[in-house]
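Asker: Heads up: the sequence lines are chains P and U, in that order.
Number 342 in the numbering used here belongs to position 280 of the first sequence; there are no gaps in the numbering.
Number 150 in the numbering used here belongs to position 88 of the second sequence; there are no gaps in the numbering.
In case anyone wonders, no lab produced these hints; they're calculated from the structure.
Misleading hints may appear alongside valid ones.
Since copy identity is lost for identical chains, a pair holds within one copy or between any two.
With a straight-line cut-off of 20 Å between C-alpha atoms, the simulated EDC-like cross-links for lysine to aspartate or glutamate are [as the list claims (entries may be wrong)]:
#, residue 1, residue 2
1, K240, D314
2, K564, D121
3, K511, E159
4, K511, E561
5, K240, E197
6, K511, E290
7, K240, E351
8, K126, D81
9, K112, E213
Here the structure is a predicted model, which means the values were calculated and not measured.
There are 2 protein chains.
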Amino acid sequence: MKIPTQDVTASTSWHHLADLAARPFALNNPDALVRGDRLESMVCRSAGLKLLFATQRVDHEVVKALADYADEHQLVEQFRAMRRGAVLNRIEGWESENRQVLHTSCRDLFSVRPADPASAEQARREFDKLRFFLEEVDAGVVQGAHGQPFETILNVGIGGSDLGPRATYEALRSFAVKGRSARFIANVDPDDASAQLSGLNLARTLVTVVSKSGSTLETLTNETLVREAFYRAGLDPARHFIAVTGAGSPMDNPEHYLRSFYMFDYIGGRYSTTSMVGCVLLGFCLGVEQLSEFLRGAHAMDEAAEASAIGDNMPLMLAMLGLWNRNFLGYPTLAILPYSQALHRFAAHLQQCDMESNGKSITRTGAPVSMPTGPVIWGEPGTNGQHAFYQLMHQGSEVVPVEFIGFLNPQRGQDMVVRGTNSQQKLIANLLAQAVAFAVGRNHTNPNKRFVGNRPSSIIIGERLNPRLMGALLALYEAKIVLQGFGWNINSFDQEGVELGKALAGQFMRQMSEDGTESSTLEARLLSLLTN
Amino acid sequence: MKIPTQDVTASTSWHHLADLAARPFALNNPDALVRGDRLESMVCRSAGLKLLFATQRVDHEVVKALADYADEHQLVEQFRAMRRGAVLNRIEGWESENRQVLHTSCRDLFSVRPADPASAEQARREFDKLRFFLEEVDAGVVQGAHGQPFETILNVGIGGSDLGPRATYEALRSFAVKGRSARFIANVDPDDASAQLSGLNLARTLVTVVSKSGSTLETLTNETLVREAFYRAGLDPARHFIAVTGAGSPMDNPEHYLRSFYMFDYIGGRYSTTSMVGCVLLGFCLGVEQLSEFLRGAHAMDEAAEASAIGDNMPLMLAMLGLWNRNFLGYPTLAILPYSQALHRFAAHLQQCDMESNGKSITRTGAPVSMPTGPVIWGEPGTNGQHAFYQLMHQGSEVVPVEFIGFLNPQRGQDMVVRGTNSQQKLIANLLAQAVAFAVGRNHTNPNKRFVGNRPSSIIIGERLNPRLMGALLALYEAKIVLQGFGWNINSFDQEGVELGKALAGQFMRQMSEDGTESSTLEARLLSLLTN
Numbered sequence: 063m064k065i066p067t068q069d070v071t072a073s074t075s076w077h078h079l080a081d082l083a084a085r086p087f088a089l090n091n092p093d094a095l096v097r098g099d100r101l102e103s104m105v106c107r108s109a110g111l112k113l114l115f116a117t118q119r120v121d122h123e124v125v126k127a128l129a130d131y132a133d134e135h136q137l138v139e140q141f142r143a144m145r146r147g148a149v150l151n152r153i154e155g156w157e158s159e160n161r162q163v164l165h166t167s168c169r170d171l172f173s174v175r176p177a178d179p180a181s182a183e184q185a186r187r188e189f190d191k192l193r194f195f196l197e198e199v200d201a202g203v204v205q206g207a208h209g210q211p212f213e214t215i216l217n218v219g220i221g222g223s224d225l226g227p228r229a230t231y232e233a234l235r236s237f238a239v240k241g242r243s244a245r246f247i248a249n250v251d252p253d254d255a256s257a258q259l260s261g262l263n264l265a266r267t268l269v270t271v272v273s274k275s276g277s278t279l280e281t282l283t284n285e286t287l288v289r290e291a292f293y294r295a296g297l298d299p300a301r302h303f304i305a306v307t308g309a310g311s312p313m314d315n316p317e318h319y320l321r322s323f324y325m326f327d328y329i330g331g332r333y334s335t336t337s338m339v340g341c342v343l344l345g346f347c348l349g350v351e352q353l354s355e356f357l358r359g360a361h362a363m364d365e366a367a368e369a370s371a372i373g374d375n376m377p378l379m380l381a382m383l384g385l386w387n388r389n390f391l392g393y394p395t396l397a398i399l400p401y402s403q404a405l406h407r408f409a410a411h412l413q414q415c416d417m418e419s420n421g422k423s424i425t426r427t428g429a430p431v432s433m434p435t436g437p438v439i440w441g442e443p444g445t446n447g448q449h450a451f452y453q454l455m456h457q458g459s460e461v462v463p464v465e466f467i468g469f470l471n472p473q474r475g476q477d478m479v480v481r482g483t484n485s486q487q488k489l490i491a492n493l494l495a496q497a498v499a500f501a502v503g504r505n506h507t508n509p510n511k512r513f514v515g516n517r518p519s520s521i522i523i524g525e526r527l528n529p530r531l532m533g534a535l536l537a538l539y540e541a542k543i544v545l546q547g548f549g550w551n552i553n554s555f556d557q558e559g560v561e562l563g564k565a566l567a568g569q570f571m572r573q574m575s576e577d578g579t580e581s582s583t584l585e586a587r588l589l590s591l592l593t594n
Numbered sequence: 063m064k065i066p067t068q069d070v071t072a073s074t075s076w077h078h079l080a081d082l083a084a085r086p087f088a089l090n091n092p093d094a095l096v097r098g099d100r101l102e103s104m105v106c107r108s109a110g111l112k113l114l115f116a117t118q119r120v121d122h123e124v125v126k127a128l129a130d131y132a133d134e135h136q137l138v139e140q141f142r143a144m145r146r147g148a149v150l151n152r153i154e155g156w157e158s159e160n161r162q163v164l165h166t167s168c169r170d171l172f173s174v175r176p177a178d179p180a181s182a183e184q185a186r187r188e189f190d191k192l193r194f195f196l197e198e199v200d201a202g203v204v205q206g207a208h209g210q211p212f213e214t215i216l217n218v219g220i221g222g223s224d225l226g227p228r229a230t231y232e233a234l235r236s237f238a239v240k241g242r243s244a245r246f247i248a249n250v251d252p253d254d255a256s257a258q259l260s261g262l263n264l265a266r267t268l269v270t271v272v273s274k275s276g277s278t279l280e281t282l283t284n285e286t287l288v289r290e291a292f293y294r295a296g297l298d299p300a301r302h303f304i305a306v307t308g309a310g311s312p313m314d315n316p317e318h319y320l321r322s323f324y325m326f327d328y329i330g331g332r333y334s335t336t337s338m339v340g341c342v343l344l345g346f347c348l349g350v351e352q353l354s355e356f357l358r359g360a361h362a363m364d365e366a367a368e369a370s371a372i373g374d375n376m377p378l379m380l381a382m383l384g385l386w387n388r389n390f391l392g393y394p395t396l397a398i399l400p401y402s403q404a405l406h407r408f409a410a411h412l413q414q415c416d417m418e419s420n421g422k423s424i425t426r427t428g429a430p431v432s433m434p435t436g437p438v439i440w441g442e443p444g445t446n447g448q449h450a451f452y453q454l455m456h457q458g459s460e461v462v463p464v465e466f467i468g469f470l471n472p473q474r475g476q477d478m479v480v481r482g483t484n485s486q487q488k489l490i491a492n493l494l495a496q497a498v499a500f501a502v503g504r505n506h507t508n509p510n511k512r513f514v515g516n517r518p519s520s521i522i523i524g525e526r527l528n529p530r531l532m533g534a535l536l537a538l539y540e541a542k543i544v545l546q547g548f549g550w551n552i553n554s555f556d557q558e559g560v561e562l563g564k565a566l567a568g569q570f571m572r573q574m575s576e577d578g579t580e581s582s583t584l585e586a587r588l589l590s591l592l593t594n
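With the sequences and hints as input, model every part of the structure.
Answerer: Have a look at this one:
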C-alpha cells in the first residue's frame, strides 16, 4: 500500500471542515438538544455498543464533511489494508521499523477466511497451545514444584505488557474462575515487587514474564527479584515461569520456563492485549470459553471498522469526532470517563494506546506535521470524578471533550433501591446528567453559579460489561486510534520517542555503578545534588 | 482581610513577566543546563523535601520577576491570613460560602501558639477523641459485635472523603500495624461495593462513613448497602460504624454509630486529608505515633509556606513556576509523575485538589478572569509511564510540563543489584534521565529520531517516603494550589461547578422512578435511546 504524501491540511475536505468550524453547532442554545430528531438521529451502533453523539458540537453537515474527509483520505481502505497485511508501520524514505500491523489477526480465529491468513494461522497456533496448556493446568497435569495447583498468576511486564492485560483483568475479574486471580509487577521501583510478592503463596503461583525483545530492563530486573523469591522458597522457577516473548529471544528457553508463548513483530505492545500478552493471563483467570468471547467481541468490532458508511462504523465516527475537536475546535485533551468501577484502569490503558500511537510530530513521509496530533488522554471513573475534577470541566477555563462509557446493568447483580432508584440507575442518571450539563450549561444572576455549557461529549453504552463487550470496547479504541492516525497521516505504530530517555538513563546508571569516576558531568552534578 | 479587586493581568509584575516570556530560557541550547552553577543554584528546600528547577524554562531574572509577582499580590500574606482565620472562601459582592479556610489547623497541634487558636483547639479535641478511641480498640475494650478485634477499616466516602485518605493510605501502607488494612467504597456503581465487600470478614471490620453534610447521595446509598451486609451477617452496625461528619448532621447520631468524629465547615473536602476524614483511617492503620509524624510533616510545610523569600518557600516556588508555564508559556496541562509505586494514587488526589480548587472562571469579586486558570492535572507513576504516554511528551505536538517526585531510598528495603545497579538506583536514574531528555532533546538526521527538547520539568526529591515526608508532600501541594489560586485572584475553596450535574441527575432519577409519565422530555428521550 502506498503511503499518502499529501499534506492533509491542504486537502479539499480539510478546508471544508475549517470553513464549517467558523460556526460550530452551539449546544447551549435553548432547545439545541431537543429540537427535531437530533438526539435520535445521532446514534451509531457497532458490535453490541451504541454511540450517542448529539452532545458533540456537530450538525449533520459537519458529520457529512467528516465522512468526506475519511473518504478523501481513504481511512477505511487503509484499515482494511492493515488487517490484510500491508506494511503500514513505516516512515517512507527513512529508516523505520518497516513492519506489518496485525494485532487484529489475534482475534481473527472464527471464520474460514481470515483477513490475513498467515498471521491468523500463527495466532491460532498460539491459541491452541494456550488452550492445551490450560487444560493441563485444569486437569492437574501441570502443577507447581511442590505438586500444588495454580491459583494466582503473577504478570511481570511493563507498558503494553502490563496496562492492557491489567485493565482487562480488572474489568472482568468478577467473571474469574473461582479461586483464580492475578497480580501485576511493572515498575522497577523495588517496592512494587515487594508489595506484590507480600502474602503470595508462591507454591500456587504461575508467573508470566512478558517482553517481546526479552531484554526490557524493568522486566528483567523484576524477573530476577521474583526468581530469587522462588529460590528462597525452595521452588524451581522453571516449574512456575512462563515466557511470553518473541520466538528466538533470550527468554525463549525451555530450561528456564515451563512454556513459551510467542509475540510477533507485527504486533505493537500497546495493541497486544488480545495476543498471548493478554490471553495467557486472561485465559488462566477467566477460562478459555470466556477468553474466546472476549476475542469474538474484539473481532466483531474490527469487522465494524471496515464499514464504508460512517454511520455504521463506530470507530470511524469516534475518530472523526476526535479530529473535529482536536483540530477544528482546538481542544488539547480528551477525558475518558467510564461510569463503571470495573473500568478503573481503562483510561490508563488508553493513555498508553492513544498517546504512544498518536503523540507524533512527523508524517509518514518524514515531514513535520502541519496541525496538532494526538491529545492528552486522561480520566477516572464516574461518579467519583464528579466529586473531584469535574469542577474544572464545568467552570474552568479549559474545555475538555469527554467520552463517557456506561452500561445498563451491573456485572455482579447486587443492587438495592435507595430513595426510589437502585445504584445502577443512579449511575446512569449521573452519566446522562453530566453530558447534558456540559452541553446545555445554565444561566444565573450569580456569576459563580453560571455554566457556559457548550462543552462536547459522546456517550458509549452497552448492556453489561461482560467479556464480549469488553473485547468490543477494547477494539473500538484500538481502531479509533489507528483511524485517527491515518487521518493525520502519521505512523501510529512506532515509538521512537521512548529511546532518548532509555539512552540517558543508561548514562546515569553507569555514573552510579562506576561511582564517582567523573564529577563534573551533568550526570554527576545532578546525582550529587540529590544527596547533598 | 480585603479581597484584591485589581485585575492581576493589569499589574506591573504581570506585564514584566509577559515581557520576559517573549524570550524564555531555552533548555535545548548546547550547554544550557551545565553552564555555570545553574543546576546547583536552582534548588529550594522545605520541610525535608528538595525542589530542583533548573529544567524549567526560567532564568534568575524570571525567578526574580515571579517573586515580585508574589510580593505585589501579597500571596504569602494571604496564606498567613488564611492560617490565622481570614474569611477567604468567598466571592465579594455575591452570595457565597463565606467561610474561613483552616485545614492547616488540623496539623497545628505541636506548638504552644497555634496560628489560629480556636480551630486548633477543635482539631486537638478531635485528635484526642481519636487517640482515646484507638487506645480502646488496641486494648480490646472496643470490639466488633461478635467480640472480635478489628482488622480492616472500610471507608465509605467519595471525592475529598475518598481520594486523599486513599492516596495517603496507599503511600504509607507498608508502615501499617501488622494485621491492619483498609478498603474503600466510593462509586455509586453497585459493583464497587460488591467487589469491596467480597471476601471481607465483617465481624472484624470497622466502617467509617464520611460525609460533612451527612447527605451525599453516593455515600448514603453505599452506607445502606454496607449496613444491609452487616444485618445479613447478624452483626449490629452500630457496633461497627463510625461517622465522620459535621456536628449536628443527620449522621451525628449515637444510636447508629459507635462514634462521631467531627468535620468543620472551614475545611473543604479536598483539603481534609489531615482532618478526621483521613486521620481516623490512617490512625487505625498506622497507629497514633506514625499519624502524628504525618501531621508534623504537613505542619512543617505549612510553616515553610509562610517564608517571605521564594527561595525558602517551596510551595510558592512551585506555584509560581506553574503560573509561568500556564499563563506565560501557555501550557494547558500538568503531569505529576511520581517515581514511586506507593504514590500510584497521588496524582488522582491532586487532580481533585488542584482542578476543583482552581478550575474557575471568575475572580473573587465575581468578574470574569482575564487569563487561563487551573490546568488539567494528570499522571501515573514512572517508570511505568515511560513505556506508555511519554512518547507524546517527547515527540508529540503538545508540550506537557512535568513535576517529578522521587525518593533516594525504597520504603520496604528489599532490593538487589542487577547489571550493576539496584532497582532504586535504576528508578532514580530514569527520573533524572527523563528530566534531562525533556529539556535537552536530541538532534538526528532521521526526523523520527529527533527530539526538540525545551520541555520543562521540576524534580521533587526526598530521602524516603515515610509518614513525615508524605505529610510534607501533601501539604506542599495543598499550599501550592492555594498560593496559585491567590495568584489568579480566584476562590480556590468553593465548588459551585458540581451543582448543575447534581440537579440534572435528580431529574433523570425522577424520570426513572416515576416510570414513563412523560415521554417527550429530554430525559425521557435519552433514557429511551439507551434501551432501544
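Asker: Please go over all the hints and tell whether each is borne out by the structure.
Answerer: Hints, one by one, checked against the model:
no.: 1; hint: K240 to D314; in the structure: neither (31 Å within a copy, 41 Å between copies)
no.: 2; hint: K564 to D121; in the structure: neither (46 Å within a copy, 28 Å between copies)
no.: 3; hint: K511 to E159; in the structure: between (53 Å within a copy, 12 Å between copies)
no.: 4; hint: K511 to E561; in the structure: between (48 Å within a copy, 8 Å between copies)
no.: 5; hint: K240 to E197; in the structure: within (16 Å within a copy, 39 Å between copies)
no.: 6; hint: K511 to E290; in the structure: neither (59 Å within a copy, 38 Å between copies)
no.: 7; hint: K240 to E351; in the structure: within (15 Å within a copy, 40 Å between copies)
no.: 8; hint: K126 to D81; in the structure: within (13 Å within a copy, 45 Å between copies)
no.: 9; hint: K112 to E213; in the structure: neither (37 Å within a copy, 44 Å between copies)
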